[in-house]
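Protein sequence lines correspond, in order, to chains A and B. Each residue of the first sequence is one higher than the one before, starting from 1 at the first, in the working numbering. Each residue of the second sequence is one higher than the one before, starting from 518 at the first, in the working numbering.
Hint data in this document are derived by calculation from the structure and do not stem from the laboratory. Just so we're clear, the structure is a prediction, and the values are computed from it rather than from any experiment. The beta carbon of each residue, even a glycine, is placed where N, CA and C say it ideally should be. You may find that some hints are simply not true.
Derived pair list, reagent style EDC-like, types lysine to aspartate or glutamate, alpha-carbon separation capped at 20 Å [as the list claims (entries may be wrong)]: (1) Lys12(A) x Glu1158(B); (2) Lys12(A) x Asp1012(B); (3) Lys1182(B) x Asp245(A); (4) Lys362(A) x Asp998(B).
Here are some of the chain A residues that sit facing chain B, going by a computed Cβ distance under 8 Å [stated by the list, open to error]: (5) Leu10; (6) Asp11; (7) Asn17; (8) Ala19; (9) Gln42; (10) Ala172.
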Amino acid sequence: MLLASCSDFLDKTPLVNLAAETYYSNEEELNAAALGAYSVMQNETFQLGHFMVWGDDCSDDADLGNSRSEAYSWFGAAAIACQNFSLLDNNWLAGGYWNQGWSLVNDATQLIVNATNNDIPNKDKYIGEGYFLRAYSYFNFVTQYGAMPVVDHVLSYDEYYMPRNTEEQTWAHIENDLKNAIELLPEEWDPTNLGRATKGAAMSMLGKAYIYQKKWQEAYDQLKKVEAADYYRLEPVYEHVFDLDHQNGQECIFAIQHSISGTGWADSNEGSILVFYEHDAGLAKSDIDSGQYPGEEVYEKYMTGWSMHCPTDDLIAEFEDNDPRLKATVIAPGEFYDGHIHYNLSSNNRYQSKKYYVPFEKRSKDDQSDQPKNIIILRYADVLLFLAEAANELGKTGEALQYLEMVRARARNSASAGADNVLPPVITSGKDELRTAIWHERRVEFGMEYNRFYDLKRQGRVGEVMQAYYQKYKDANPYGYKTTKGRDFVIGKNEVCPIPRRAIDASRGTMEQNPGY
Amino acid sequence: MKKLVSMLQLSALLMFALVSFPVFAAPKPVQMENLQQQAHAVRGVVSDAMGPMAGVDVIVNGTTNGVATDLNGTYILHNVPVGATLKFSFIGYKTQEILVTSQEVINVLLEEEVKYLEELVLIGYGTVRKSDLTGSVTSVGEEQMTKSATSDALQAIQGRAAGVQIITATGSPSATAEIKIRGTGSPNGTTPLYVVDGFPMNDIDYLSPGDISSIEILKDASACAIYGSRGANGVVLVTTKKGSAGALKSKVTAEYGIEALPTRPQMLNSSEYALLTNKAYTNSGLTPRYSNPNAMPYDTDWYGEVMRMGRYQNYNVSVSGGTEKINTLLSVGYFRRDGTVDGTNFGRFNITENTTVKMTSFLTINTSLQGSFAKSNSLGANGTNNNTIFLSSLIAPPDVPVWDESTNYYSGIGVIRLANPAGVISRNNNVSNRNFLVGNISADLTIIPGLVFTSRFGYKYTMGFGNDYSPVYYETANISDAIDTVTRSTSISTDWSLENMLNYTKNWKDIHRLNVMIAMSAREFYTESYTGTKQDLPNSGAFYRFFDAASKNPQVRGNASELSMLSYLGRINYTLLNRYLLTVSFRADGSSRFMPSNRWGYFPSGAFAWKVSEEPFFKSVNKDVVSNLKFRIGWGQIGNERINSYYPYMTSIRQQQYYTIGTGKIRTNGSTPAGIGNPAVQWETSEQFNVGLDMSFLRDRLSLTADYYIRKTDNILLSQTIPNLSGFSSMTRNVGGMENRGVELTIGWKDDVGDFSYNIDGNVSFIKNTVTNLGTAAYLSSSFAYDYALTDFQGQFNSVLRSEVGLPYNQFYGYNFLGIFQNQSEIDNYKSAEGAVIMPKAKPGDSIYEDYNKDGKISSADMQFIGNPHPKAIYGLSFNAAWKNFDLSLLFQGVFGNKIFNASKFYFNKFDGRQNVLEDVYMKAWDGEGTSNTLPIILSATTDKSRIDQNWWQSSNYIEDGSYFRLKNLQFGYTIKPQSSKANNSFRLYLSIQNLFIITKYSGIDPEIPGNGIDCGQYPQPRTFMLGANINF
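Just need the whole structure built from these sequences, with the hints factored in.
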């Protein structure tokens, strides 16, 4: 009958969405696929657990705010469980990176595999980005969860159930990908593509990967190459590193790019939501009415944040006298800054973080989660202090002191005129003493930059530091807050997060849990 | 496939039997004695009002001497003795008997038998006599359709069909009802297929109940399988009103009503609120908040600010008439409802045209055109905020003003993150339009007597247009907008079907009746939508709310999808000796949703019925006692194509995954894989078995229908968790299984006593639902949909719904609430077997939860199944009576044995010093030993938020019996029929009341809960008083 002969009547090409089978066929599509992979890193869940909670709030550097913050009611319980190092296998913050990290691995792998198989001009740089991003995702995985299954091709259904490889194999996969990235990535992109991964970023990341494995010689050699290539310089003024006007500046090696997207609240918008987590949660009307906090007006919506990343007294105490980096790192209670006096009543010690602070006039006016500040992953000071560390371990004390001094000198020169005896040069020849000095330097140089926990972990002392932190602050601070942070830390177990329980369940027994969990 | 082969074999055997049977049943020789009388040939033409009729049986009564009329309606019958009687019969017409004298030409005009027509029942792609039904079909007629005060055809049939559960979604004027036919067969939706005048479609939102002449609900597989992959959730066949030959008839209907909520929840007034707040503060160890509760500056009646008297209006004019060759119906209607929540309304204009043209004796053409233009104003883009507004109007604190004069801000009730309800209404400008145009044309061509070719084409055009403006406003930091936004959204969809069908009917002297139908069907669906927004208008004036007046952030989004289906189908109905009825059908469906290798699905069915009352041995039974007895049995396989994704086999690439690059930080397009396609995806399949019994007694005064069925669904598409190594956490696979078993009973009684006539119809159905397979998942769990504004629900209720193999779908899951700790020793003595104190941190007045896993502490591992939302029984009972000019009809409807998760208690009963609660809480909350075992101690959220939250965890304390019995509708009418004028003139005046009363133990506002049986305090159904008039002339 009618239409019976139209055998193609049922062949409908899906509209709007493109099919993966036919995508990755030209340079424009490779470019979009690479940017799509980068955009995973902008997601709140990519950053929140791995960077803010685990990287800082679970360390001795930073702390959650209190229940005055609106975020506390839904975020607090899970974050405190992380800080206590208990009940972690079903914790959405401890497990938050899992989905996002694999999503990035998959996006990068699809790009690498499909682009490699297709004959497209200029494809190398995009493939290089794929390798870089996959390595970066694995780097986060291995630092937070330990050994991972090594995925280097697009998996079939049965392969979803592959077991974990060893930690050495995981690191080898990272090194391999970074070596490929170094081969393929350009030394620099044109100005319209600023912010993408470069050869220098891959070289530095490889150096960092060696540092984390304590492969001091490889790290030293690799980081020397970065220094020799002369891609980067320290910003002359320390606080400019975090300044909106100096983003992607001469010191920046790799940063997650953020700008106001104007699309409202979305996990995947282009603005930074970590900035919103760390902005002051503001005052209630009753606080203002009480008259205790002069100079404050009722906040506009965009003026408030969540106070969930606040500097600890411990971190503040770590700074040497007159170190100008302290003022660049924290906003003290009562400080007049950005046209307002700040109180941060939602912080346990009233301090607020400053590096990721966005001035009111630069904030997104319609959505607080959409802030225009990059999250810096690697900067040249990292390379210098890693070099100092590697050199010291290799017995090159003089060289180590030189690199340390470069970082201290920049900080010293950032101080306002007239301050005396600011950051005197370190003069020590003992390997252990110098190591301690470098570790101290890292802490104050990178304070509130979402790295502290992973630094402590690779330094092999995270357990003892956190246990000591608990003993020191478990009783009330001047504002009446008691900490439970570090309370349940078990050395040899809590250095890594458990594999999320749902991932263990989903693997039908093929994925092994970390020891102790 | 094996089943298919045996079906084909069966059909072949039947064909053979049909061909060979007439040979054995050859006519007997005419008896010799008749020859002595004068015998001659008689001829003539048989016609009806429309002209000559082909295929009319003409037979000499008491003999086998018979013939059928030809295409021109003529017949010739030899050897007709004088004095014999000729019998002229045709299905649907009154049989005529004519005494033969000497005349040789006998022309006969047959009259349509009206009563007989009513007994025809629509089945897919055809009709059968009601007594010949082999499947399970329920009919709802025109009279019943128009009783209810509603714009929604589904609401109009609530309570009237066994096995069909209809839930009025909310009291929002634009709400449409939910329908479940024979329970929930798949988690992927229960919506049936709708077929309007032969044209399949996804919804009937556009239809006005007044334009419908009947609805048939096909329930079992043997009835639904003819719709193949679209039939698994049942099929609703809708027939719209048609014109008829004869004088012009007009009908005018006008209805006007008012509506209001049946009950008003009594909340605390300002002084009581202050007293209770002070108690909460005291209990939490704080200084009382209000120094003088008896002299509060404000006592705001938020409910009064938001609620109002609703209004119901319905007007319809229809005109029909025509000649024998052409007749037509034209109907125009307007419906409007203003909701009981301020600012909500729904209006719809309907126009219908329906014309039948008899071109020739063998060709009939029918056309229809329906337009429907609806406009509604609801709060919030998707209408769900209607619920929030109602809830927030009850729980907003009474101690703050509606409007703060000093700041011009709505005062901050935002502490619970609910917006000021009066504010929400004042800035609501959300208007949505839904316009439909549906056109059908069909042609019936009689090729030879009994063989009809039908071709029909239907086209449905749907256009949605939304229009919103969100002003600049400020309530609190989180409930504010610094920039105004104008929004326009449009969606357009087209859906066409073409069906070609051959239908052959043959009757061999009432020994064999055969109907064979074969058909093909093609369908194509396309939908496209886009939304644009732009911000920053010069001011908030209505004349500026257009894109060109706005200056910032233009944004636009759009999407589209399409779908095509191709089907081949056939059915044989065979009746032997009017006693044995057999139906077999088969359908093959191809769909563009699937990979070419999985594209085709095959759906067979078979049914058999036995009319016991027609058996010779039954003749001894007094027909006055048992007038009809029929058994039915049926089996079939059907598919469910209502799966969520259009192309689930494909791994697609998602665009607009922007990243920021360049010195200018430019937002640049990126793309990522959007999920994992599953190339093996196929239809969900449903295998159903039905046995039924139809009986009538006492000369049809008492009738009874009973059905038992088993409905098994397999290959249910479930999102299965897969390891994230894939890049994703889930993948859609055909793994699930579900089973529904049920019994349905319908009983009717009708009688006349003098001028008094009445009928009572009751139906009840019992359903048991069981999940039989969940693939690799140990359980399915889901939370419920709540408005974003109700953020307190977030975190408080996690995965309240849970399904496990062997248990009913989506039961409630939570802690078992054991009561309230009355004193410290109860806390100390609440120990595990090992002696551990189970709730050591509890204080007197706190909730006690069961340590279900006996590990000595309360954790999420102690959650268990705490209630089943599926009713054990649903029922309806209607009563109609007429006495002289008066008529009365009542419709009762209810459910029995279901549980409701009364989540609204979290707001209405949980006091935390930040929101208002029911007045009852003031007196009844725990306040010392022995005062309450259900309402925990009143505390302040300032210091005791986590304790309050724990006291109100998701537990059996929220579970309530959801049984109810409601007088859904009452109508009382008086008809004036002038005796002098023509028969059709009449005037009827009637009063109709909707939702007059309800009997229930449920403590919430209305136990009729849409969705999954979780009451979030939705917009309740109003009680409507309506006065109407019908004028026929």
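Taking the hints in turn, this is what the structure says about them:
1. For a cut-off of 20 Å, the pair hint linking Lys12(A) to Glu1158(B) stands: about 16 Å separates their Cα positions.
2. The suggested pairing of Lys12(A) with Asp1012(B) holds, with an alpha-carbon distance near 15 Å, which does not exceed 20 Å.
3. Distance check on the hinted pair: Lys1182(B) and Asp245(A) sit about 12 Å apart at the alpha-carbon level, within 20 Å; holds.
4. Between Lys362(A) and Asp998(B), the direct Cα distance comes to roughly 17 Å. Compliance with the 20 Å bound is thereby established for this hinted pair.
5. This hint holds: Leu10(A) has a C-beta 5 Å from the nearest C-beta of chain B, less than the 8 Å allowed.
6. At its closest, the beta carbon of Asp11(A) sits 7 Å from a beta carbon of chain B; the interface hint therefore holds under the 8 Å criterion.
7. At a threshold of 8 Å, the smallest CB-CB gap from Asn17(A) to chain B is about 4 Å, leaving the interface hint in force.
8. The beta carbon of Ala19(A) is positioned within 8 Å of a beta carbon in chain B (closest approach about 5 Å), and the interface hint is therefore held.
9. The restraint placing Gln42(A) at the interface with chain B holds, with a minimum CB-CB distance near 7 Å, inside the 8 Å limit.
10. About 18 Å separates the beta-carbon of Ala172(A) from the nearest beta-carbon of chain B, more than 8 Å, and the hint is not met.
Going through the hint list in order, the structure does not satisfy hint 10, though it satisfies all others.
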